[in-house]
Amino acid sequence: MYTSHMDKEKFTLTAFAKVLIGVAIVGVIVLAQIFLWPWLGFGSEREMALVGTGRVITYAFDAGAAFHSGDSRFFYFATSSGMRMLDSNEVLMWSEAYSFNHPWLAARGDFVAVGETRGGRNIRVFDSGGAVFSVSLDTPIQSFWINESGFLSVIAEHDGGYIVYVFNRYRPTPAEPLFSWSVFDNLIIPTHAEVSADGRYIAIGVMDLNFNVRHSVQFRYMSQWDAWGTDRGLFATEDFPGQIITAMRFMNGNRLVVSTTARISGFQLGPGHASSRRIWDIPLENEKTHIEFYDGTHFAFATGARLPMATGEGDPVGTVRIYGANGIPTGMFELGRRATHLRMGRNALIVGGDRSFHAVNLRGDLLWDHTTLFDTLDVLFLDDTNTILVAGSNQAEIFERRRLREADFREPEPDFDFDFDWDFD
Numbered sequence: 001m002y003t004s005h006m007d008k009e010k011f012t013l014t015a016f017a018k019v020l021i022g023v024a025i026v027g028v029i030v031l032a033q034i035f036l037w038p039w040l041g042f043g044s045e046r047e048m049a050l051v052g053t054g055r056v057i058t059y060a061f062d063a064g065a066a067f068h069s070g071d072s073r074f075f076y077f078a079t080s081s082g083m084r085m086l087d088s089n090e091v092l093m094w095s096e097a098y099s100f101n102h103p104w105l106a107a108r109g110d111f112v113a114v115g116e117t118r119g120g121r122n123i124r125v126f127d128s129g130g131a132v133f134s135v136s137l138d139t140p141i142q143s144f145w146i147n148e149s150g151f152l153s154v155i156a157e158h159d160g161g162y163i164v165y166v167f168n169r170y171r172p173t174p175a176e177p178l179f180s181w182s183v184f185d186n187l188i189i190p191t192h193a194e195v196s197a198d199g200r201y202i203a204i205g206v207m208d209l210n211f212n213v214r215h216s217v218q219f220r221y222m223s224q225w226d227a228w229g230t231d232r233g234l235f236a237t238e239d240f241p242g243q244i245i246t247a248m249r250f251m252n253g254n255r256l257v258v259s260t261t262a263r264i265s266g267f268q269l270g271p272g273h274a275s276s277r278r279i280w281d282i283p284l285e286n287e288k289t290h291i292e293f294y295d296g297t298h299f300a301f302a303t304g305a306r307l308p309m310a311t312g313e314g315d316p317v318g319t320v321r322i323y324g325a326n327g328i329p330t331g332m333f334e335l336g337r338r339a340t341h342l343r344m345g346r347n348a349l350i351v352g353g354d355r356s357f358h359a360v361n362l363r364g365d366l367l368w369d370h371t372t373l374f375d376t377l378d379v380l381f382l383d384d385t386n387t388i389l390v391a392g393s394n395q396a397e398i399f400e401r402r403r404l405r406e407a408d409f410r411e412p413e414p415d416f417d418f419d420f421d422w423d424f425d
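In this note's numbering, the protein residues as written are 1 to 425.
Keep in mind the hints are simulated off the structure, nothing from the lab. One or more of the hints may lead you astray.
Stated by the list, open to error - Quick list of simulated restraints, FRET-style, between CB atoms:
id	residue 1	residue 2	range
1	Leu234	Glu157	30 to 38 Å
2	Thr230	Pro316	30 to 38 Å
3	Gly312	Leu366	46 to 54 Å
4	Gly54	Arg171	30 to 38 Å
5	Gly52	Ile25	34 to 42 Å
What the hints assert, rightly or not - Simulated pairs of lysine to any residue, SDA-like, Cα-Cα distance not exceeding 20 Å:
id	residue 1	residue 2
6	Lys288	Ala262
7	Lys288	Thr311
8	Lys288	Asn254
9	Lys288	Gly314
10	Lys288	Ser265
11	Lys288	Arg263
12	Lys288	Ile244
13	Lys288	Gly253
14	Lys288	Ala305
15	Lys288	Gly336
16	Lys288	Trp225
The beta-carbon is built from N, C-alpha and C at its ideal position, and this holds for glycine as well.
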């Protein structure tokens with residue numbers, strides 16, 4: 001086929017134009033990825049980061065500051081002078097004044113209790129609406145807990161021994177206990193008291209020092225109706241020879257998880273009368289540095305050094321193991337160093353060592369990690385797994401995980417700085 005010189009020149013110009021158009025298209029795509037994609041949510045994972053919001057809560061080193069969030073955007077902030085409830089957008093919902101020299105915070109779900117365990121005799125209970133009830137005892141408090149239904153269990157000194165109380169807001173007089181059990185022997189020491197969510201059962205950890213150290217769990221009924229025909233409501237006892245109980249928690253379906261220095265065991269209470277049975281058992285090869293429970297469905301623990309009597313290989317220090325309430329593992333995460341804190345919430349957990357911490361889902365998958373510029377004492381989720389509060393020795397800061405913007409590279413101006421030496425009158 002014959003082609004003229006003019007035709008060849010036209011063909012060459014057309015090909016060059018196509019190359020220019022191709023280069024221009026590639027340039028537009030590159031620019032869109034740099035400037036437009038992050039705003040539309042299509043950026044790479046490297047563009048995501050925890051960013052300080054500038055909302056900072058400051059407090060004194062000796063204020064006894066403690067925080068709790070029950071899977072909501074609101075969180076409780078307790079010090080020696082009072083309790084406050086705020087949200088992640090710096091709104092103060094309510095505040096209540098009290099005075100404790102060495103406050104201790106117990107929390108579960110929407111309920112928090114604050115009091116003193118160094119000889120104190122008063123406890124204040126709050127929920128998301130503010131103050132619920134208070135308890136004043138005639139003898140010093142040793143320890144206390146609160147469950148997700150607002151049942152407050154207390155261990156106090158009493159007549160050369162100890163007494164276990166349970167209080168609840170629905171009594172005609174809240175200070176009148178729903179349940180009490182006394183021990184008139186200072187070598188038989190109640191160490192834990194856990195009430196089931198339905199208020200039917202109480203599990204009491206008891207250490208007997210009369211001969212050898214022996215730790216056991218007593219299962220008792222709370223109501224006199226159930227307790228009829230029993231010894232003060234006692235219907236079962238589980239012994240843990242050679243072990244020390246470190247934690248107990250009722251999970252969904254009246255399943256009790258008991259953690260000791262050597263194992264973690266699950267017990268099913270009911271559904272029949274006077275019924276308790278061990279349903280699973282997890283022997284430990286390592287000591288536990290932390291154990292946390294979540295929503296009646298899961299628990300997790302972080303491992304420390306290998307136990308002296310262990311026969312297996314054990315886990316590397318800083319291994320986090322996650323289980324369901326049925327004793328079946330759901331995930332594992334390797335921190336790679338000894339954990340200094342562990343928190344569960346939002347179907348996930350936060351585990352950290354010193355200034356670095358990691359968010360992990362219940363399967364053990366890493367969601368994100370972050371390193372702060374100050375020593376971290378506690379970290380908890382707020383609105384979701386991308387909004388957290390990081391607490392240090394004298395301040396707490398709210399962080400949000402999102403795609404970076406140009407403004408994030410400038411030094412922020414704090415706009416949320418509370419002075420909590422307030423006058424509550």
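Here is how each hint holds up against the structure:
1. Leu234 to Glu157: 30 to 38 Å: 22 Å, violated
2. Thr230 to Pro316: 30 to 38 Å: 46 Å, violated
3. Gly312 to Leu366: 46 to 54 Å: 26 Å, violated
4. Gly54 to Arg171: 30 to 38 Å: 45 Å, violated
5. Gly52 to Ile25: 34 to 42 Å: 39 Å Cβ-Cβ, so the 34 to 42 Å window holds.
6. Lys288 to Ala262: 9 Å, holds
7. Lys288 to Thr311: 16 Å, holds
8. Lys288 to Asn254: Roughly 24 Å between the alpha carbons, so the hint for Lys288 and Asn254 is violated.
9. Lys288 to Gly314: Status holds; Cα separation ~12 Å.
10. Lys288 to Ser265: The hint holds at about 14 Å.
11. Lys288 to Arg263: 10 Å, holds
12. Lys288 to Ile244: 12 Å, holds
13. Lys288 to Gly253: Given pair Lys288, Gly253 is violated - Cα atoms ~26 Å apart, limit 20 Å.
14. Lys288 to Ala305: 8 Å, holds
15. Lys288 to Gly336: Holds. Lys288 to Gly336 sits at ~15 Å (cutoff 20 Å).
16. Lys288 to Trp225: Distance of about 39 Å is beyond 20 Å: violated.
Of the numbered hints listed earlier, those contradicted by the structure are 1, 2, 3, 4, 8, 13 and 16.
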